[in-house]
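Using the sequences plus the hints, can you model the full thing?
Take a look at the letters that make up each chain.
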Amino acid sequence: MKFGVIVFPGSNCDHDAYHVISKHVGQPVDFIWHKETDLSAYDAVIIPGGFSYGDYLRAGALARFSPVMKAVKEFAASGKFVFGICNGFQILCEAGLLPGALIRNAGLHFISKHVTIRTENQFTPYTNELKEGSVLSIPIAHAEGNYTCDDATFQALEENNQVVFRYCDETGEITSESNPNGARSNIAGICNRDRNVLGMMPHPERACEELLGSNDGRNIFRSLTASIAASVK
Amino acid sequence: MKAKVFVTLKPSVLDPQGKAIHHSAEQLGFQQITDIRQGKYFEIALDASVNETEARAAAEKIAADVLANPVIEDYRVEIVQ
Numbered sequence: 001m002k003f004g005v006i007v008f009p010g011s012n013c014d015h016d017a018y019h020v021i022s023k024h025v026g027q028p029v030d031f032i033w034h035k036e037t038d039l040s041a042y043d044a045v046i047i048p049g050g051f052s053y054g055d056y057l058r059a060g061a062l063a064r065f066s067p068v069m070k071a072v073k074e075f076a077a078s079g080k081f082v083f084g085i086c087n088g089f090q091i092l093c094e095a096g097l098l099p100g101a102l103i104r105n106a107g108l109h110f111i112s113k114h115v116t117i118r119t120e121n122q123f124t125p126y127t128n129e130l131k132e133g134s135v136l137s138i139p140i141a142h143a144e145g146n147y148t149c150d151d152a153t154f155q156a157l158e159e160n161n162q163v164v165f166r167y168c169d170e171t172g173e174i175t176s177e178s179n180p181n182g183a184r185s186n187i188a189g190i191c192n193r194d195r196n197v198l199g200m201m202p203h204p205e206r207a208c209e210e211l212l213g214s215n216d217g218r219n220i221f222r223s224l225t226a227s228i229a230a231s232v233k
Numbered sequence: 234m235k236a237k238v239f240v241t242l243k244p245s246v247l248d249p250q251g252k253a254i255h256h257s258a259e260q261l262g263f264q265q266i267t268d269i270r271q272g273k274y275f276e277i278a279l280d281a282s283v284n285e286t287e288a289r290a291a292a293e294k295i296a297a298d299v300l301a302n303p304v305i306e307d308y309r310v311e312i313v314q
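Note that the protein sequences, when read in sequence, are chains A and B.
All residue numbers for the first sequence refer to the numbering used here, where the first residue is 1 and numbers rise by one.
All residue numbers for the second sequence refer to the numbering used here, where the first residue is 234 and numbers rise by one.
Think of the hints as simulated: they come from the structure by calculation, not from any bench.
Some hints could be false.
Unchecked claim - Cut-off 30 angstroms, straight-line C-alpha distance, at most; resulting in silico cross-link-like pairs (DSS-like, lysine-lysine): (1) 243/B x 273/B; (2) 273/B x 35/A; (3) 294/B x 73/A.
What the hints assert, rightly or not - Computed footprint of chain B on chain A; a stretch qualifies when at least three of its residues, placed anywhere within it, have a C-beta under 8 angstroms from a C-beta of chain B: (4) 53 to 65; (5) 103 to 116.
A virtual CB, placed ideally from N, CA and C, is assigned to each residue, including glycine.
Written as structure tokens, this is what we have:
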């Protein structure tokens, strides 16, 4: 089993993801520079948070044109796991690997705080170790995390159970007060139809140590590891 | 030859930056403003070998694939000599 963490100019959560995979997941992991075009050595790639290309034009818009993204598309099409966190989620939407877009937070501010999210679908490779409705405490840190899509896309997301996480209060209730950024239907994370591509705004790699306030993020990495183990058998 | 590209948020997409700018404009004393929407403007310079039809086609392609995100934005192209 081998993980890769893609590094764009401006990525800044790449080391956090690397640390979690090597220390807590306990699996081999490489940094993959965005000029790379061959991902055949990997079972899963993480597109980490940060400000790829300085968020020029739109968050994630220019990273989509990096050479590695063609390989990421083929990698995803082959059924391997692509996990986009924060800026990684924005990049996956811009690249068309996930539907919709992430726009400026409704309140305009950059928000950096712990939020609670509810597991809406436990039948994904990223949530199979969680129970439906499990509430996780995970930090967010973004200015463009306001998920938006048209009505047809939203309906398709619902019908195919592609909404994986929603912002909720501490008891798991989905409320407008618990929606930090104005995201449609409190959406915090979605997957593609095949379930092998996940994008989420909260940072599970920053919630893998009690010292940092929560280790709920480990559940997601544990699920992914189990899914890879099952898929490479 | 120059192509001008105007990118605007679709009417259905909330524009919190436009709202904040609207509020600031009101502070200047303009109370008659009903709405402000923020957009982006690009100038693409093309060399002399390109005719107007080709310039428009190129600008449309660049606008659709890079400058605008069709999920949230519309664009308009103008060609100037």
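To test your reading of the hints: which numbers does this structure violate? none
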